[in-house]
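Position chain B with the ligands relative to chain A; hints supplied.
Each protein sequence line maps, in turn, to chains A and B. The first sequence begins at 1 in this note's numbering and counts up by one. The second sequence begins at 1 in this note's numbering and counts up by one.
If you are wondering where the hints come from, they were derived from the structure by calculation, not from laboratory data. Keep in mind that a hint or two might mislead.
Residues of chain B placed beyond 12 Å of chain A at every Cβ, according to the derived structure [claimed, not checked]:
id : residue
1  : Arg52
2  : Ser66
3  : Leu108
4  : Met137
5  : Val338
Pair by pair, the computed Cβ-Cβ distance ranges are [claimed, not checked]:
id : chain 1 : residue 1 : chain 2 : residue 2 : range
6  : A       : Ala20     : B       : Phe347    : 23 to 33 Å
7  : A       : Asp488    : B       : Tyr136    : 35 to 45 Å
8  : B       : Ser182    : A       : Ala322    : 46 to 56 Å
9  : B       : Tyr136    : A       : Ala374    : 28 to 38 Å
10 : B       : Phe347    : A       : Arg68     : 32 to 42 Å
11 : B       : Phe347    : A       : Asp266    : 52 to 62 Å
12 : A       : Ala374    : B       : Gly162    : 42 to 52 Å
13 : B       : Tyr136    : A       : Asp132    : 38 to 48 Å
14 : A       : Ala374    : B       : Phe196    : 38 to 48 Å
15 : B       : Tyr136    : A       : Lys122    : 39 to 49 Å
16 : A       : Ala20     : B       : Leu200    : 53 to 63 Å
17 : A       : Arg23     : B       : Pro57     : 36 to 46 Å
Examples of chain A residues lying across from chain B (beta carbon under 7 Å, computed) [stated by the list, open to error]:
id : residue
18 : Pro323
19 : Ile330
20 : Asp332
21 : Gly333
22 : Ser343
23 : Gly345
24 : Val347
25 : Asn366
26 : Ser368
27 : Thr370
28 : Ala374
29 : Gln377
30 : Leu442
31 : Leu458
Positions of the beta carbon are idealized from the N, C-alpha and C atoms, including for glycine.
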Amino acid sequence: MGDTAIFRIAGLTKAFGPNAVLRGVGLDLRAGEVTVLMGANGAGKSTLVKVMSGVHRADRGVMMLGDRPFSPATPAEAMRAGVVTVHQNINDGVVGALDVASNLVLDRLNGAGSGFFFNPRKVRREAREVADRMGLGIDLSAEVTDLPLADRQMVAIARAMAHEPQVMILDEPTSSLSSNEAERLFALIDRLRARGVAILYISHRMSDIRRLADRIVSLRDGAIVGQFDEKPLDYEGAVNAMLGQNLGLHSIDARAAGAPVFSVRDLRIAPGAKPLSMELGAGEVVAVTGLVGVGKTRLAETLFGIHVPLAGSMQLDGRAYAPRTPASAIRDGVFLVAKDRASTGIVPEFNIYENMSLPFLPRFSNMSVTRRRAERQTAREQIADLKIVCRSERDDLATLSGGNQQKVTVARWLTQPSRLLILDEPFQGVDIAARHDIAAKLRESARDRATLVFLTELDEALETADRILVMSENTIVGEHRNADVDMDRLLAEVAGQRLEPAGSV
Amino acid sequence: MDSRTADKTPVETPAEALAQPKDGRSLRELAIRYGFLSLLVGLIIFFSLATRGFTSPQAAVFILQSVSITGILALGVTATLVVGGFDLSIGSIATSSMMAAAYVMVVLEQNALVAVLVCLAIGALVGLINGLIICYMRVPDLLATLGMMFLLIGLQRIPTEGRSIATGMTLPDGSTAEGTFSQAFLALGRHRFDLFMENLVPASVVVLIVLAILIWFFLEYTRFGRMMYAVGSNARAAEFAGAPVKAYRIWAYVISGVFASIGGILLAARLGRGDIASGNNLLLDAVAAALIGFAVLGAAKPNAFGTAIGALFVGVLLQGLTMMNVPYYTQDFVKGAVLVIALIFTFALLGRNAR
Ligand SMILES: Nc1ncnc2c1ncn2[C@@H]1O[C@H](COP(=O)(O)OP(=O)(O)OP(=O)(O)O)[C@@H](O)[C@H]1O
Ligand SMILES: [Mg+2]
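Okay, chain A solo, but in the shape it has when bound (with noise of 0.2 Å):
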């Protein structure tokens, strides 16, 4: 199929007020391949997509679709034409407030020559069929807003399905999906490229791109900066293009850990769990790993008293600890950076210092008024340490790409030492080096306390921590220390088969 390219996009810029986001972007998708697009955190990439998708409008430039120009005023009309996006923001891909059979057959309630009446029996059939074929394995009748992140992301995404679509564009659609769920996936985008559709697929997941990728074109400050598609494809080129520089090999010298500082013993936290313990030392850097669904978010949320465990107890230096609420775990000093940013981090109306501040407002006030003075130096500080590309610490949140708003909500806890800080799921959506960044920072700024990260991605465990933790069934099932790791013991706690003492060496 080489060159049918079927979309061409040629000088396209896009700016918001004096920020130039988009710089001349040449891009063509052909039938029948995945072109991976690459970029740092707030390169561009989904303002790209939402100019694709008729979001956005450009401010120059042309996009051609076939042989016909392109360009679409609003999301429905690129829908139409067989371009179909699903949104990095998943609520954008969603109706909350309906149950799953409805959004699935959402477009077509609208489409043309559908009746004037709704027919509950019809929408369940034709929702049925569009989840057959994703295998969708939700129940039809729940409502939107119930569901698991997860979830909700492949609703989304079968509902763009539904659509039978000549250019099919997803925005790092796997961020927040289990390695079973995104391969559910893969298979899907393996079937429609066998159809000939174009496909454009945005992650900053290696994993992704290498099960995926045809093609890989690398996007930095708004402008192309390579494209790769001789076999086998150069990913080094490529992550070096779009960081433009080259990422130095990262590894990690294991730390033993100094002082004990945090310690539970027989802890349940979850009905017909069997309890579980653990030691964390100060300096290191703990990584919890295991499979999405064994508990781990659930772990993190009762360390940081959003829910009681059924039984056990938990020391912090020395002292009993049993936070009841999430305010007495701050006071303590044990931070969780939660998962799922949009529901559990971010103030949406907020700008980046007052999201920056919202935990430690006591701290950042005088006889309770506030003193953005010190808010926004603190945020100005953490913006150069992380790199949160924006104009500056007033920007909304709203206007930060994802990766950035997802840098915001790890600083916000590493603006005021703590004891224990818990990260679950921390690098959602953040790019390579942001990562690297990240993950130097935590191991940096780790020597007087206890850190703990829950990562699903095993490789990102790798990359970070001195010590990982194996979940399994709401309970911790292995131990290793970050140098020499017995792959395969540790793989198969994943997996859940403990293997005989006596079996593995």
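For chain B with the ligands alone, kept in the frame of chain A given last:
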């Protein structure tokens, strides 16, 4: 810092950050920010040219007085809007506290201080109950406060069997009410302070201005106000940041209830009796003022300054039209039109809710 950030990431110095927005500020942004205030100024200029005496201090004070009670209620309901709630019971809290004040003084023959304290307690208690029902019984805010509104409208009629309260009225047991409104209490509605001129500024206007400044400062500059906005914008994120979300919600309803009861006290003091038929428009006028406030300075969210301007806007418009001899029965239409325009302004121009 490595070379990557040095040449690409636009992290700026504060000076640049301050300089930047200016050249980028488009006409549209200016219109969004200052449109509604300009409209207010334009309206004032128009009325002062078109009518006689519109710009006199007396007229200005009269406008403020005409919106003082609505304005106070509107400031209270702003607090509930900030936490993402709504309070439909404010009008009935105000009239209930008016009736209570009259009952305490006329029937129970107590002094002004007792009357005021009873009213404030009623406001706080009703607000607390609203908050508890909404937070712990999980009744949606509109429904809970709507129910409370009906309840209070009914309740305030029971002690007097549905009649207004005035000195000399016959009580249910056949006796005559001997108490009177104390002079101190009536002064709240009738006393005027000297400012440039003798007897210029009525007490109710002073109360309005003081409360407006208080709640504005509270919402904008204290950590409690900031947290209330966070609760309204993303309650889960606020909770994960350590905020006692339910407590903030409940406090918002208490504030709203207390403000409404202050409005009721001023109403009773102005009327000098407990009039069962007054205060019908309070709820809608107050809500309108708070919603108009969304459009002021392009805030697109509830804010105390906007609410005050919203109330003022309605007052100016109605006073101007009255002085131009526009019939009184068009007033509600005018208010409604202003509200619709303000809402369009907020949501269409600002596009906050547009994707
Ligand atoms: N509505 C907006 N108003 C102002 N600036 C915006 C807006 N949307 C995006 N930007 C800016 O445009 C730049 C590019 O953002 P974009 O979301 O396209 O990045 P991205 O490449 O998708 O990054 P990420 O990997 O973090 O998702 C960012 O600097 C961002 O702050
Ligand atoms: Mg993006």
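Hints and how they fare:
no., hint, result
1, Arg52, "45 Å, holds"
2, Ser66, "33 Å, holds"
3, Leu108, "38 Å, holds"
4, Met137, "20 Å, holds"
5, Val338, "25 Å, holds"
6, A:Ala20 <-> B:Phe347: 23 to 33 Å, "29 Å, holds"
7, A:Asp488 <-> B:Tyr136: 35 to 45 Å, "52 Å, violated"
8, B:Ser182 <-> A:Ala322: 46 to 56 Å, "55 Å, holds"
9, B:Tyr136 <-> A:Ala374: 28 to 38 Å, "36 Å, holds"
10, B:Phe347 <-> A:Arg68: 32 to 42 Å, "35 Å, holds"
11, B:Phe347 <-> A:Asp266: 52 to 62 Å, "54 Å, holds"
12, A:Ala374 <-> B:Gly162: 42 to 52 Å, "58 Å, violated"
13, B:Tyr136 <-> A:Asp132: 38 to 48 Å, "43 Å, holds"
14, A:Ala374 <-> B:Phe196: 38 to 48 Å, "41 Å, holds"
15, B:Tyr136 <-> A:Lys122: 39 to 49 Å, "42 Å, holds"
16, A:Ala20 <-> B:Leu200: 53 to 63 Å, "56 Å, holds"
17, A:Arg23 <-> B:Pro57: 36 to 46 Å, "58 Å, violated"
18, Pro323, "10 Å, violated"
19, Ile330, "4 Å, holds"
20, Asp332, "11 Å, violated"
21, Gly333, "12 Å, violated"
22, Ser343, "6 Å, holds"
23, Gly345, "6 Å, holds"
24, Val347, "5 Å, holds"
25, Asn366, "10 Å, violated"
26, Ser368, "5 Å, holds"
27, Thr370, "5 Å, holds"
28, Ala374, "12 Å, violated"
29, Gln377, "9 Å, violated"
30, Leu442, "17 Å, violated"
31, Leu458, "26 Å, violated"
Hints 7, 12, 17, 18, 20, 21, 25, 28, 29, 30, 31 from the earlier list are contradicted by this structure; the remaining hints agree with it.
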